[in-house]
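Participant: Residue numbers (full-length UniProt numbering), protein chains in the order written: chain A, 1 to 416; chain B, 1 to 78.
Derived from the structure by calculation, the hints contain no laboratory data. Heads up, a few of these hints could be off.
With a straight-line cut-off of 27 Å between C-alpha atoms, the simulated DSS-like cross-links for lysine-lysine are [said to hold, decoys possible]:
| no. | chain 1 | residue 1 | chain 2 | residue 2 |
| --- | --- | --- | --- | --- |
| 1 | B | K15 | A | K65 |
| 2 | A | K183 | A | K414 |
| 3 | A | K208 | A | K226 |
| 4 | B | K49 | A | K66 |
| 5 | B | K15 | A | K208 |
| 6 | B | K15 | A | K39 |
Label pairs and their calculated CB-CB ranges [what the hints assert, rightly or not]:
| no. | chain 1 | residue 1 | chain 2 | residue 2 | range |
| --- | --- | --- | --- | --- | --- |
| 7 | B | N24 | A | T61 | 29 to 39 Å |
| 8 | B | D36 | A | E376 | 30 to 40 Å |
| 9 | B | D36 | A | V98 | 31 to 41 Å |
| 10 | B | T64 | A | V98 | 26 to 36 Å |
Glycine is no exception: its CB is placed at the ideal position from the N, C-alpha and C atoms.
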Amino acid sequence: MDLKRVVVTGIGALTPLGKTLDEYWEGLTNGVSGADFIKQFDCSKFKTRFACEVKEFDATTYLDKKEARKIDRFTQFALVVSDQAVKDAGISKDNVDVDRVGVIFASGIGGLITFQEEVVNFANGDGTPRFNPFFIPKMILDIAAGQISMRHGFRGPNFAVVSACASSTNAIIDAYDNIRLGKADIILTGGSEAVVSAAGVGGFNAMKALSERNDDPATASRPFDKDRDGFVMGEGAGMLVLESLEHALKRGAKIYCEIAGGGATADAHHITAPHPEGLGAKNVMTAALKDAGLQASDIDYINVHGTSTPLGDIAETKAIMSVFGEHAYNLNISSTKSMTGHCLGAAGALEAIACVMSVVHDIVPPTINHFTDDPELDPKLNFTFNKAQKRTVRAALSNTFGFGGHNASVIVKKYS
Amino acid sequence: MSDIAARVKKIIVDKLGVEESEVNPEASFTNDLGADSLDTVELIMEFEKEFNISIPDEQAETITTVGQAVTYLEEHAK
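Same shape as in the complex, but just chain B (with noise of 0.2 Å):
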C-alpha cells in the first residue's frame, strides 16, 4: 500500500468508524462505508487537510470509493 493510500485509510477508518479490513479500494463511501452525504463532505475537507490541497466541488462529486481518493490524491497531493 503507497503512503497516500495508507493515510487516506487512516482518516476514512477514524471519520466514519469502519473497521480498517471493511475500507478496500472498491468500498463505496455511501454505500458500503455507511457515509451519509455530511460525511462524504467532511471526508474530502480531510483530504485536503491532510495533503495541503483543494479539491474542487465538482470533482469531489467523482470520489465516491476509496479506491478514486486514493487515485485522485496521487495525482494531486503535493
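Isolated chain A, as found in the complex (with noise of 0.2 Å):
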C-alpha cells in the first residue's frame, strides 16, 4: 500500500522558557536560560536547588478549578498543550472526522508529584488507608492522552507511549506511523514532564545525574564544555498536531513542514550509562535516515540529545561522526537543553518543535553557556555555541536517548 505524506499543521508549547510557542521559539533564538532556584518545594538539603520550571503556572488560568485539581501538573501542561495546538491547527468538529483524530501522547514518568503526595499522607498517618479516590486516575501516564481526547471530543486512536526521556518523539513516531499507515487523518503528539519535585529531584539527585551547579543555575546546563557537570532538570510540554497531506490540503491547513521519518534502537548495554561508542545512537540516526530516504548530506541541522553529563554527550558526538562521516563538519548541531534544561518525557516534542521552528525560518537555536573548549571533542565540529546562526534549514534531525538504553530519532524536512 501506498504510505501517506504527514506534515505537521499545529504546535502547542509550554516551556520554562514561556508559555507560548512563540515566547518559546523568542527564548531559544535569544539564547535565554530558564534555569533558576526551585519554587515547587523546599529543596534546602538537596544538592541540587534548581531546575527548569515553568514560571508563574497557574493552571486556573487555562482550566476550570475543579477540572484543575483532579488531574496532575503534567496533565495539566497536556491539556493546556492540547488547547494551543488545536487552535493553531484551525481544527474544529466541522473539518474533520473526530473518529479519525487520535491522540498519542508521552510522559517519561506520569504523575509523579501526586503518587508523592499521596504515598507522604499515607506514611504521616495511624496506618488506615485514606488515598483520594483521585491518585490513581491523577497519577497514571496515559491519563494525559485520555484526557486531551475528553477535552476536545477526539475518538481515534488513544494511548501513551513510554521510553523515558526518548518517549516523546517514540510518540511523534507512532503518530507518524499512524497515520502514513491511513489509521488516522490527525493525531495530537507529543509529551508532558513535570518531576520538580522532592522525589523527582532526590531520585535523579542520588543517581548523580543532575548539575550541582547551585552558585550559578543560569550556567549549569553547558552540554559540551569542558567543565559539564549533569543535566538541568526541566519540566514543561509540547504538542504536534501531524495530520496526512491530503487532510491538510483538503481543508486547507497552514503547513509548517514535514515530517521525513524517524527510527527507534536500544543500546543493550546499561540501565542508564550510554554505550561508549554511541551505537544505539549511531543505528538510530542511520534507521531515521533510511526510513526518511534520505542521505546524510541532506541533514544541515541535528538539535541533539545532548544532556551536559560528562559521557553522554561525547557518546552522541562519535555517533554523529560515524554516521555523517565528512559532512558532520557541514552540520549545525545544537543542544537546546542548555536553554530548557532536560524536560524529560517532554524532550523529545519540544526538541521535535525547535526542529520544525528550525526548517521554518532557517535559523539554528544555540547551545549556550560555553565557555571552554572540551579536549576530547573535535574543534571542527560546529555545535552552534552561545548564539544562534541563520542558515537554510532543508531538514533537521533530533536525537533523544532514555534511561534503558532507549534511542529514538526523527526528521522533519522543508515541505514543497
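If you follow the hints, you should be able to join the two separate chains into one complex; please do so.
Facilitator: If you want it as C-alpha cells, here you go:
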C-alpha cells in the first residue's frame, strides 16, 4: 500500500522559556536560560536546588478550578498545549472526522507529584488507608492522552508511549506511522513532564545525574563544555499536530513542514550509561535516515540529545561522526537543553518543535553556556555555541535517548 | 446555620467547584451538584478528615444529599 505523506499543521508549547510557542522560539533564538532556583518545594537540603521550571504556572488561568484539581501538573500542562495546538491547527468539529483524530501522547514518568503526595499522606497517618479516589487516575501516565481526548472529543487512536527521555520522540513516530498507514487523519502527539518535586530531584540526584552548580544555575546546563557536570531538570509540555498531507490540503490547513521519517533502537548495554561508542545512537540516526529516504548530506541541523553529562555528550558526538562522516563538519549541531534544561518525557516534543521552527525560519538555535572547549571533542564540529546562526535548514534531525537504553530520532524537512 | 453545616458547605463548595447558593439541604451531590462516583467518595473522605471520624461504607452510601451529610455529622461528630 502507498504510505501517506505527513505534515505538521499545529504546535503547542509550555516551557521554561515561555508559555506559548512564540515565547519558546523567541527564548531559544535569543539564547535565554530557563534555569532558576526551585520554587515548587523546599529543596534546602538537596544537592541540587535549581531547575528549569515553567514560571508562574497557575492552572486555573487555563482550566476550570474543579477540573484542574483532579489532574496532576503534567496533565494540566498537556491540556494547555492541546488547546494551543488545536487552535493553531484550526481544527474544529466541522472540518475533521473526530473518529479519525487521535492522541498519542507521552510522559517519561507521569504523575510523580501526585504519587509522592498520596504516599506521604499515608506514611504520616496511623496506617488507615485514606487514599484520594483520584490518586490513581491522576497519577497514571496515559491519563494525559485520555484527558485530551475528553476535552476535545477526539475518538481516534489514543494511548501513551513511554521510553523515559525518548518518550515523546517515540510518540511522534507512532503518530507518524498511524497516519501514514491511513489509520487516522490527524494525531495530536508530543509529551509532558512535571517532576520537579522532592522525589524527582532527590531520585535523579541520587544517581548523580544532575548538575550541582548551585552558585550559578543559569550556566549549569552547558552541553559540550569541558566543565559540564550533569543535566538540569526541566519541565513542560510540547504538542505537534500531525496530519496526512491530503487531509491538510483538503481543509486548507497551514503547513509548517513535513515529517520525513523516524527510527528507534536500543543500546542493550546499561540501565543509565550510554554505550561508550554511541552504538545505539549511531544505529538510530542511520535508521531514521533510511526511513526518511534521505542521505546524511541532506541533513543541515541536528538537535542533539546533549544533556550536559560527561559521558553522554561524548558518545553522541562519536555517533554523529560515524553516521555523517565528513558532512558532520557542514552540520549545525545544538543542544537546546542548554536553555530549557532536560524536560525528560517532554524533551523529544519540545526539541522536535525546535527543529520544525528551525526548518521553517532557517535559524538554528544555539548551545548556550559555552566557556571552555572540551579537548575530547573535535573542534571542527559546529555546536552553534552561544549564538543562534542563520542558515538554510532543509532538514533537521532530533535525537533523544532514555534510561533503559532507548534511542529515538525523528527527521523533519521543508514542505514543498 | 450550625457550625457543622457551615463546614460541610465549605467542603462541598471547595471540592465540587459549585456556588454556595447551590448548596442547599435538598441538593443531591450527583443529581444537582455535578459530582461523579469518585467525587462522592472524596467528599466522604473530606468529611471524615474535617470532623475526625470514620464513616463506614454502608453509612456513606446513604449520604447522598447535603442535608443527609449535615444530619449524619451532627449526630456523629466528636
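Participant: In ascending order, which of the hints set out earlier in this document are inconsistent with the structure?
Facilitator: 5, 8 and 9
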